[in-house]
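Q: Here's the letter readout for the chains.
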Amino acid sequence: MNEMSANLDVVGHDTVRKDAVPKTTGAATYTVDVSFPGMLHAKVLRSPHAHARVTSIDASKVRGMPGVHAVVTRDDLDGLNPTYGYFIKDQPIVAMDKVRYIGDTVAAVAAETELQAVAALEQITVGYKILPTVATVEEAMAETAPELFEEEPMGVVPAYGQGASGARRLGRNNCYRFSYETGDEAAFDRCDHIFEDRFVFSRDQHFHLEPFVTVARMDGDVIEIWSSTQNPFPLRKELARVFQYPENRIRVRVPYLGAGYGAKNNCKTEPIAILLARLSGKPVRFCMTTEENFLTQSQHAAILDVKTGVMADGTFVARSGHILLDSGAYSDASPLVAEKAGYRLPGPYNWQHLNIDCDCILTNTTPAGPYRGFGGTQASWASESQVDIIARALGRDPLDLRMQNVKNLGEAYVPGESGIDSDLRAGLKVVADRVGYEARSRGDGRGMGVSIGFKDAGGVNKPSQARIRITTTGGVYLECGAIEIGQGIHTAMSQIVAELLNTQLDRVVYPELNTDYTPFEQGTNASSAIIGTAQAVQQAALVAKQKVLEFAARELDCGIDEIELDDWSIRKGNDAHPLAPMIMGYYGGTGYEFTGAGFFKPELDHAAPLESQCVSWEFGWGAAEVEVDRETGLIRLLQLVVSGDAGRAINPLVCRGQDEGSAVMGLTGVLFPCMVYDGAILMNGNGLDYRVPLATDIPDGFVSILQEQGHGPGPFGSKSIGEGCMLPVASAIANAVEDAIGVRIRELPLTPERVLAAIDEACG
Amino acid sequence: MSGEMAFVSCTVNSVTQEFHVRPEEMLIDVLRDRLALTGTKLSCDLGACGACTVLLDGKPVSSCATFAWQTDGMNVRTVEGLAAANGALDPVQQAFIENSAFQCGYCTPGMIMLARALLDRDPSPDRETIRVWMGANICRCTGYEMIIEAVEKAALIPLETGK
Amino acid sequence: MRSGDTAGTLINLSALPTLCGIEDRGDFIRVGALATHWDVETSPLLATRLAAFQAAWTTIGNVRIRMTGTVGGNLMAAERAYDGPVLLGVIGAKLIFLTDAGEISLPALSAHQDYPDRALLTAIDIPVSMTARLSFDRSLKPVVSVAVGLDGGVVSVGVGCAHTTPFFWLGRIDDMEDALSAALPDPIDNPMGGAAYRRRMVGVLSRRLVDRLRRGDAS
Numbered sequence: 110m111n112e113m114s115a116n117l118d119v120v121g122h123d124t125v126r127k128d129a130v131p132k133t134t135g136a137a138t139y140t141v142d143v144s145f146p147g148m149l150h151a152k153v154l155r156s157p158h159a160h161a162r163v164t165s166i167d168a169s170k171v172r173g174m175p176g177v178h179a180v181v182t183r184d185d186l187d188g189l190n191p192t193y194g195y196f197i198k199d200q201p202i203v204a205m206d207k208v209r210y211i212g213d214t215v216a217a218v219a220a221e222t223e224l225q226a227v228a229a230l231e232q233i234t235v236g237y238k239i240l241p242t243v244a245t246v247e248e249a250m251a252e253t254a255p256e257l258f259e260e261e262p263m264g265v266v267p268a269y270g271q272g273a274s275g276a277r278r279l280g281r282n283n284c285y286r287f288s289y290e291t292g293d294e295a296a297f298d299r300c301d302h303i304f305e306d307r308f309v310f311s312r313d314q315h316f317h318l319e320p321f322v323t324v325a326r327m328d329g330d331v332i333e334i335w336s337s338t339q340n341p342f343p344l345r346k347e348l349a350r351v352f353q354y355p356e357n358r359i360r361v362r363v364p365y366l367g368a369g370y371g372a373k374n375n376c377k378t379e380p381i382a383i384l385l386a387r388l389s390g391k392p393v394r395f396c397m398t399t400e401e402n403f404l405t406q407s408q409h410a411a412i413l414d415v416k417t418g419v420m421a422d423g424t425f426v427a428r429s430g431h432i433l434l435d436s437g438a439y440s441d442a443s444p445l446v447a448e449k450a451g452y453r454l455p456g457p458y459n460w461q462h463l464n465i466d467c468d469c470i471l472t473n474t475t476p477a478g479p480y481r482g483f484g485g486t487q488a489s490w491a492s493e494s495q496v497d498i499i500a501r502a503l504g505r506d507p508l509d510l511r512m513q514n515v516k517n518l519g520e521a522y523v524p525g526e527s528g529i530d531s532d533l534r535a536g537l538k539v540v541a542d543r544v545g546y547e548a549r550s551r552g553d554g555r556g557m558g559v560s561i562g563f564k565d566a567g568g569v570n571k572p573s574q575a576r577i578r579i580t581t582t583g584g585v586y587l588e589c590g591a592i593e594i595g596q597g598i599h600t601a602m603s604q605i606v607a608e609l610l611n612t613q614l615d616r617v618v619y620p621e622l623n624t625d626y627t628p629f630e631q632g633t634n635a636s637s638a639i640i641g642t643a644q645a646v647q648q649a650a651l652v653a654k655q656k657v658l659e660f661a662a663r664e665l666d667c668g669i670d671e672i673e674l675d676d677w678s679i680r681k682g683n684d685a686h687p688l689a690p691m692i693m694g695y696y697g698g699t700g701y702e703f704t705g706a707g708f709f710k711p712e713l714d715h716a717a718p719l720e721s722q723c724v725s726w727e728f729g730w731g732a733a734e735v736e737v738d739r740e741t742g743l744i745r746l747l748q749l750v751v752s753g754d755a756g757r758a759i760n761p762l763v764c765r766g767q768d769e770g771s772a773v774m775g776l777t778g779v780l781f782p783c784m785v786y787d788g789a790i791l792m793n794g795n796g797l798d799y800r801v802p803l804a805t806d807i808p809d810g811f812v813s814i815l816q817e818q819g820h821g822p823g824p825f826g827s828k829s830i831g832e833g834c835m836l837p838v839a840s841a842i843a844n845a846v847e848d849a850i851g852v853r854i855r856e857l858p859l860t861p862e863r864v865l866a867a868i869d870e871a872c873g
Numbered sequence: 418m419s420g421e422m423a424f425v426s427c428t429v430n431s432v433t434q435e436f437h438v439r440p441e442e443m444l445i446d447v448l449r450d451r452l453a454l455t456g457t458k459l460s461c462d463l464g465a466c467g468a469c470t471v472l473l474d475g476k477p478v479s480s481c482a483t484f485a486w487q488t489d490g491m492n493v494r495t496v497e498g499l500a501a502a503n504g505a506l507d508p509v510q511q512a513f514i515e516n517s518a519f520q521c522g523y524c525t526p527g528m529i530m531l532a533r534a535l536l537d538r539d540p541s542p543d544r545e546t547i548r549v550w551m552g553a554n555i556c557r558c559t560g561y562e563m564i565i566e567a568v569e570k571a572a573l574i575p576l577e578t579g580k
Numbered sequence: 008m009r010s011g012d013t014a015g016t017l018i019n020l021s022a023l024p025t026l027c028g029i030e031d032r033g034d035f036i037r038v039g040a041l042a043t044h045w046d047v048e049t050s051p052l053l054a055t056r057l058a059a060f061q062a063a064w065t066t067i068g069n070v071r072i073r074m075t076g077t078v079g080g081n082l083m084a085a086e087r088a089y090d091g092p093v094l095l096g097v098i099g100a101k102l103i104f105l106t107d108a109g110e111i112s113l114p115a116l117s118a119h120q121d122y123p124d125r126a127l128l129t130a131i132d133i134p135v136s137m138t139a140r141l142s143f144d145r146s147l148k149p150v151v152s153v154a155v156g157l158d159g160g161v162v163s164v165g166v167g168c169a170h171t172t173p174f175f176w177l178g179r180i181d182d183m184e185d186a187l188s189a190a191l192p193d194p195i196d197n198p199m200g201g202a203a204y205r206r207r208m209v210g211v212l213s214r215r216l217v218d219r220l221r222r223g224d225a226s
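Protein chains in written order, with this note's numbering: chain B, 110 to 873; chain V, 418 to 580; chain F, 8 to 226.
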């Protein structure tokens, strides 16, 4: 099954996950399980208005209520930098001058029980002066629209390289624009055909089952938190800025995460938990409800205008695009998502000219932030839908047209970029063959579609450090900041280390993340762990191994090339020399630890549009077969075939789980209503009314096929696998719908009502 | 009872437990806060997602939507009570481990209890039966196929006797 | 409950076994209000005598909900998205209430319009007929669901989800399409589902269900 792994003992094998027993016995500790004697519970008061000036807040009645130990309103922020954000620091811990969406945080209380905290919130009186609301990007961009921010919040535009640029406040409620341009615009003039389409992308919510949650306490002068976070080190830096506190007096500890899918980056429950812990002098737990999750973070809805010029023979020539991201009420990660949505809109095709703008538009809705796929989902939806539109207009098979225009293995994505590290045609053939694309029978409302989901992986200029410690008896500490969020990274990293050290997998332990000890990591995001962090881990393991070998060669009085490390023994010819006695002989009976440090970061490179070349390119090939009910508009998914390229799978079974999980997550925005707003009011923001895919929604024809093409930059040729397979799902299904009934739908989700309306329109 | 505490005597994982509970106190809070059985996870708090699934006299129920007083005289089983007396893991646990049928693990205790309830009723369910039964609980990570396969596999593993 | 609701008086009805049974009463079957969906799903009596009803009821919720949720609870929750009222309405079931004035019986078709005061739902009587048939389509939930009962030339249509309360129409099969459309009140019009779409789907689904019953397909 995996020829490349033939000579490897641990890598490439379906070893049992390191977290298997704790997670199946209930022993695994998540942040929700962290508890201290005397711990208080925090609850927050949320705005009932979508947009209002806060004229007064009176929390005086709360102080002294039973069980209440601390209250926070805007009057309790002395000495703080009370706003946070990524590029733009516009989101306050609690409302200052205004509230900007229904659910915006206004005040917080810590009490001995959650019920006492809820009762206390009811006694806080807030005066509001209602302001006009903008619920959609169109409303927010209108000339007469009210500004969510009358003054420009503090923020930066980072440096960009060749062809890329950023700007702020170019229009009403426009908090950021990313632009990318290359080649000569005149390329459009040479085209035989120009296609212009508008696509609309739905707004999912992450629906991570473990809510946003933090437990905070003061440990002497150290702020100590346990938090369900994907990026503890940048979080520590942001908290240090907000609280005007030294970074090394803030300790972030991260137990297992009940998933995140992007949501658990940067400040969520942390600032309020810390503030209440400081005010009360007691440990404080702030755990949101599912309803509050919906009021805290969402995916970006998007409108994507795409203009593409092609030659009569189907050759792609030029593409321009204008993307509008619905950022919700605060900038959050929108500028970063805009970079990626804009940068990924071209898709993995050859172009002579590109010109893309992506605007982040603030609206009076839940703040949108990182979500698996990170702009790539939106871009792939538009790009891969339009490829089919072009193919049908030219009388070409959509699969063929892709084969004609995709980049070759090794070809630079755009000028200054790294080369594509998967064989795109081979990948596409895998899913097309499996779904039965060439021999498909149509009629009866059935049809098939294919798509190539695409994104860059590894983040931008993202540093990772790692440390390997090996004890006297051969126990290995694997220390790095990649967080076990469910993707199996503890297992994969441990397999890599066990393989490199030629030792048994169960000798490797992966200590819980603690920013006091764990080597720096920018974050568990951007599909970066296996191609970035793992390179640091690999280096650390090899450095430690080299130290062991040098020590043993000296002890055995031989050359280093005469010996090998083998299960914490030194093999020299036919003799095995156990290391433990050798170490104690030299370092003393109390033993010693060998350590190795590792580091990885892409080089800064001004020729690269995003200032460093992309570490790797992540793909998900998808093929779908649907049956469309022409009377109701209901789409029945008959087959969904997805495939990712793991380069070399460190643990194939774990990779399969990533492919299948991301594909099914991608179904949410296609077949289910997603977040439905009535004006600025979210209609379905709870666990009963919000529909995510269930086992019963998955067709028997759902299958994932893991490819191992061997070109990845990670250890043993590995590549990222966590996001690729969600990217092609929407467009593959919409393409299948057009194949089935000749109707093109450009707006997600593909609800029956929308599909039927499109059928009506096509039928005139 | 009128706003008073209710007396509850039930068996949790084969151990008799007695409590005075408020009428509105939910089973999950008793399990997590009083018995420190934190394997059972709270998520949607509406009985929709199934993360809090435990067995009540063998039936899978949402412990977030079950009043503590409802368990009076009944047997409650949580993920912590699945392993046999000799420590051997339940076949469902074994199969979830061998099949990597979990990722973040937050839904996993509930999924495992749900699967246990199925196999207690139907020791060799077909795939469609498993799909429909497991359709009660939400997993946002796996895409479900590996969970369904794990339940198929669990049905083939003999249950340890003498628990 | 976690947000601070408290119970003033707590009466544990589950201790009353008479509310839980499913009994053969000759020309009808009495289902206790506290019978769970699972009791309905697994009742040998219903399997023999009301198989189509049993099959339709088994599509409610999921196994966790069916094992705990009760038939009476499904009705009295008065949730727009719940299927129970529609299914019971189209097969001519009667709701039995215990009131201060003794036991009263109300048709499931109309009971939801005006539940009696100070009353406890104790049972649901479902008529057993050799000729009546039932079919149900919930594939477009939560936008609309439709149940159809057919007995001879008489059809009863129950519409769920589309209005604030269930809507029922009874009439002759031959003029169902026009008459149903004329009688149907304007459905809810919101971003979850437009009124025009809901209305049109009531027509499509009811026609399909009737055709299915005429062909003799199972529900």
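Note that these hints are calculated values from the structure, not bench results.
Bear in mind that the values here come from a model prediction, so they are computed numbers and not experimental data.
Glycine included, every Cβ here is placed at the ideal spot set by N, Cα and C.
One or more of the hints may lead you astray.
[Said to hold, decoys possible] Simulated restraints, written as ranges between beta carbons of each label pair:
id : chain 1 : residue 1 : chain 2 : residue 2 : range
1  : B       : D787      : F       : T13       : 48 to 56 Å
2  : B       : D787      : F       : G178      : 28 to 36 Å
3  : B       : D787      : F       : T25       : 31 to 39 Å
4  : F       : E86       : B       : R307      : 51 to 59 Å
5  : B       : E259      : F       : A202      : 45 to 53 Å
6  : V       : T428      : B       : D869      : 55 to 63 Å
7  : F       : R125      : V       : S426      : 56 to 64 Å
8  : B       : R307      : F       : Y122      : 32 to 40 Å
9  : F       : G178      : B       : R307      : 39 to 47 Å
10 : B       : T138      : V       : T428      : 52 to 60 Å
11 : B       : A871      : F       : S21       : 49 to 57 Å
12 : F       : S112      : B       : T138      : 40 to 48 Å
Q: Take the hints in turn and mark each one as holding or not.
A: So, going through the hints one by one against the coordinates:
Evaluation of the 48 to 56 Å hint for B:D787 and F:T13 yields a failure: the beta carbon distance comes to about 31 Å. For the pair B:D787 and F:G178, the supplied restraint of 28 to 36 Å holds, since their beta-carbon distance comes to about 35 Å. The beta-carbon spacing between B:D787 and F:T25, approximately 45 Å, falls outside the hinted interval of 31 to 39 Å. Restraint check, F:E86 to B:R307: a C-beta distance of roughly 38 Å breaks the suggested window 51 to 59 Å.
Checked against the hint of 45 to 53 Å, the C-beta distance between B:E259 and F:A202 comes to roughly 39 Å, which is inconsistent with it. Between V:T428 and B:D869, the C-beta spacing of about 60 Å keeps the proposed range 55 to 63 Å intact. For the pair F:R125 and V:S426, the beta carbons lie near 33 Å from each other, so the given range of 56 to 64 Å is not met. Checked against the given bound of 32 to 40 Å, the beta carbons of B:R307 and F:Y122, roughly 50 Å apart, lie outside it.
With their beta carbons about 45 Å apart, F:G178 and B:R307 fall inside the hinted range of 39 to 47 Å. Between B:T138 and V:T428 the beta carbons are some 26 Å apart, a value that contradicts the proposed interval 52 to 60 Å. Taking the beta carbon of each, B:A871 and F:S21 are about 55 Å apart, inside 49 to 57 Å as hinted. In this structure the supplied range 40 to 48 Å is violated for F:S112 paired with B:T138, their Cβ-Cβ distance being about 56 Å.
Of the hints listed earlier, those the structure fails to meet are numbers 1, 3, 4, 5, 7, 8, 10, 12, in rising order.
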